[in-house]
Amino acid sequence: MAKARTRFFKPREKRVNRSMAGNTMLFVLMVICGLAMVLPLVMVINNCLKPLDELFQFPPRIFVKNPTLENFSDLFRLMNDSWVPFSRYILNTIIITGGGMVGHVLIASLAAYPLAKHDFPGKNILFSMVVLSMMFSWTVTQTPQYMIISWLHINNSYLALILPACSFGMGLYLMKQFMEQLPDSLMESARLDGANEWQIFWKIVMPNVKPAWLTLAIFQFQQMWGNTGSTFLRDEELKPLQYALFQISAGGTARAGAAAAVTFIIAAVPITFFLICQKNVLETMTTSGMKE
Amino acid sequence: MKESSLAFRIRRNKTSYFMLAPYFVMFFFFTVLPVVMSIFFSFTYYNMLEMPEFIGWKNYIKLFLEDDIFLKSLKNTMVLAVVTGPVSYFLCLLFAWIINEFKGWLRAFLTLIFYAPSICGNAFVVWNLILSGDRYGYLNGILLKLGILDEAVIWMKTEKYVLPMLIVVQLWLSLGTGFLSFIAGLQTVDKSLYEAGAIDGIKNRWQELWYITLPAMRPQLMFGAVMQITQSFAIADVSLQLAGNPSVNYAGATVVTHLLDYGTVRFEMGYASAIATVLFILMVGSNKLVQKLLRRVGE
Chain A
1 MAKARTRFFK
11 PREKRVNRSM
21 AGNTMLFVLM
31 VICGLAMVLP
41 LVMVINNCLK
51 PLDELFQFPP
61 RIFVKNPTLE
71 NFSDLFRLMN
81 DSWVPFSRYI
91 LNTIIITGGG
101 MVGHVLIASL
111 AAYPLAKHDF
121 PGKNILFSMV
131 VLSMMFSWTV
141 TQTPQYMIIS
151 WLHINNSYLA
161 LILPACSFGM
171 GLYLMKQFME
181 QLPDSLMESA
191 RLDGANEWQI
201 FWKIVMPNVK
211 PAWLTLAIFQ
221 FQQMWGNTGS
231 TFLRDEELKP
241 LQYALFQISA
251 GGTARAGAAA
261 AVTFIIAAVP
271 ITFFLICQKN
281 VLETMTTSGM
291 KE
Chain B
293 MKESSLAFRI
303 RRNKTSYFML
313 APYFVMFFFF
323 TVLPVVMSIF
333 FSFTYYNMLE
343 MPEFIGWKNY
353 IKLFLEDDIF
363 LKSLKNTMVL
373 AVVTGPVSYF
383 LCLLFAWIIN
393 EFKGWLRAFL
403 TLIFYAPSIC
413 GNAFVVWNLI
423 LSGDRYGYLN
433 GILLKLGILD
443 EAVIWMKTEK
453 YVLPMLIVVQ
463 LWLSLGTGFL
473 SFIAGLQTVD
483 KSLYEAGAID
493 GIKNRWQELW
503 YITLPAMRPQ
513 LMFGAVMQIT
523 QSFAIADVSL
533 QLAGNPSVNY
543 AGATVVTHLL
553 DYGTVRFEMG
563 YASAIATVLF
573 ILMVGSNKLV
583 QKLLRRVGE
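Protein chains in written order, with our numbering: chain A, 1 to 292; chain B, 293 to 591.
Bound conformation, chain B alone:
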């Protein structure tokens, strides 16, 4: 009975499925299948020339027990994600919240200023000039002039400065889609809630933010979190462009740069797949965890 009714419902909705087909065929080929393949190949040795050879957990064992560069890049990625993820998330929220107090062209202008870095493509290479290792670099120039430094520091080639500098640049770049979602979300909060809140004894804007605004825009908060988390685990371009690959003592190596190294340079697809699978688990796992936390906002 149930079978026939399901078949009936599928047949009745066949137009819906036809409409879905083009997108989901491609989605299957370029998203679902790659994830499945990634998990499958992570248990094999595969160089794209010979047939893949099943080797069990060996790739993972090598990753976590023998590959020091992977461990270092994993550590860097965790540091970058744990710092830039939450910080950029709160910056997005803070700036969106302040921008919401303005109106008209000033509001549009501020939105543009904060959002522009995230869409300026590879223009972040301008940071190469700021962080340049000679006296012509802006940072060195200013610090030398102020007498804080005696000689130019080669910022991106000095191990201890690499990660902090990458964090700064990444934060600059990170007010993206989540930020727009917050700005738009703040506009949709029902204004009468604020007046009702004032009557109910909400005294200042901070209480208003916590008890009224944030719970009202929880859906946007969830969306923004997904954007910021995914972005902060995927940091690679900034490191490749500013610190180089390999960076000095692998100080700027991230899981993604390591993945690129094995996937597109060495063509060790099995090993690269294992790295990709670890990254997949990290990203999806932390997203799920944060979604759980965000359900409690305003409670």
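The following block holds chain A by itself, in its conformation from the complex:
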């Protein structure tokens, strides 16, 4: 028992001010809430393995009885029937999310470095503008954004999705907060060795903030993964995977199995990414606090 305890609870610190009753109560609360949170995801996983007759069953069961991969083979068959070769959709998604991720990480880091470490006129105003931009969502700006994108004539191209994604506020904010805690001496010694600011950024700062750019990449991926691009992209050849998956799964009862497989894929990809990089993300978030 004691051994199990040290495995699950932090052993040393925090033993002050902890009552057994309190521990039990919070543990029970955690289990109940955890189950409630995870239940819909459990359904997603089970549904994608259910044969069609189990998907329509009364009373409905959460857990699958005769698991099958039929839904996935259905999905692949439907993919092969698509008008544009299915690999094209995958390529589009890679270009759009990849472009948005790389572009955002590079551009936001490049701007975050002087904001964190240089002192120049206008610095505070620029940063408070970015903080302000986090206080409203993109829905506020999407109508005029649509106009701007058509004026720039990048409508119906990948750029219409990639460029706005590069300028999200949150990435710059997180990156700047993280860079601020790099010791100044690191950059000073590089300067003494004759490195210029660009070299310092690329060779000293960026390698040292790896957790932050991994985090930015993940957040950006989460943002862009769900985008069907239907507002800006008209040509079928340009549309991303999400769009195609939705088209397939929007077939009503007959496609319920394929739709369950689609839901699983849509959820599994970002969750897997987070799982792999959880440590880096949490490390970055320690500096996410807002100073007054």
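Hints were generated in silico from the structure; no laboratory data involved. Please read all numbers here as calculations on a predicted model, not as lab measurements. The beta-carbon is built from N, C-alpha and C at its ideal position, and this holds for glycine as well. There could be a bad hint or two in this list.
[Claimed, not checked] Simulated coverage check for chain A against chain B, where a stretch passes if three residues somewhere in it have a Cβ under 8 Å from a Cβ of chain B: (1) 134-140; (2) 276-286.
[Unchecked claim] Restricting the straight-line Cα-Cα distance to at most 16 Å, the calculated cross-link-like pairs of lysine to aspartate or glutamate (EDC-like) are: (3) K306(B) with D119(A); (4) K65(A) with E54(A); (5) K350(B) with E560(B); (6) K291(A) with E180(A); (7) K210(A) with E180(A); (8) K306(B) with E197(A).
Start from chain A and add chain B according to the hints.
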């Protein structure tokens, strides 16, 4: 004198400005300019084909005096925001605080379970199955089996259930970036503060939370608040997917769905801009207000 010194400082820092340029050029085009345009076009009639025509406050007058659907969606948005905003904020804090008591893989696992719904993209459509209006829906199935219901309820097409159900789903989805920030923030609280607090007469974990932990992580609390508030005013996707648009009697309409209706379906850009401007003021205003309140935590 001051002028020349400012010019000098700008020139001396020109590398800094070059580094800032790519980001802020795009930031200007896709964030600053849209806000300014939104405010400008909200005073015009504009359909993207003809030149915008200045019509003064007419859009706003129409919004607040004639557009019943807007008033209803504004009311829904306020209800959703006032309920889901604070509740999800406290849930984030509570769960992060409890998770902080665990360590190792269990801690990582719990973090994943609570955070996963917010990143699972459109997978929340699984709630369509739970709330499905026939007997095959999980909720109906369970309630019928238990004998609580005599016949299946069409949850998302019954006006009085729409908002409460949207609140439940939104809460499920809402443990996002703010939650991660809290988990990370709790780890950074200086442990010696707890021991010092115990000596100073802090008796239980609740006092510890209020007097030591929360003040120490005030910056994270501020950041989390911004995330939760912005999110709770922007609720739209959940409503569109689960309640449909238009929802039954507009019971699930929010300011954002109304905005989408005018901005991307009817192309009445002037009117849509007025809606966006109202939303902008709501979001930024409540953020500023809550920031003020949070400065008092632990005092």
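Problem set entry | Violated constraints from the hint list, given by number and in increasing order | none
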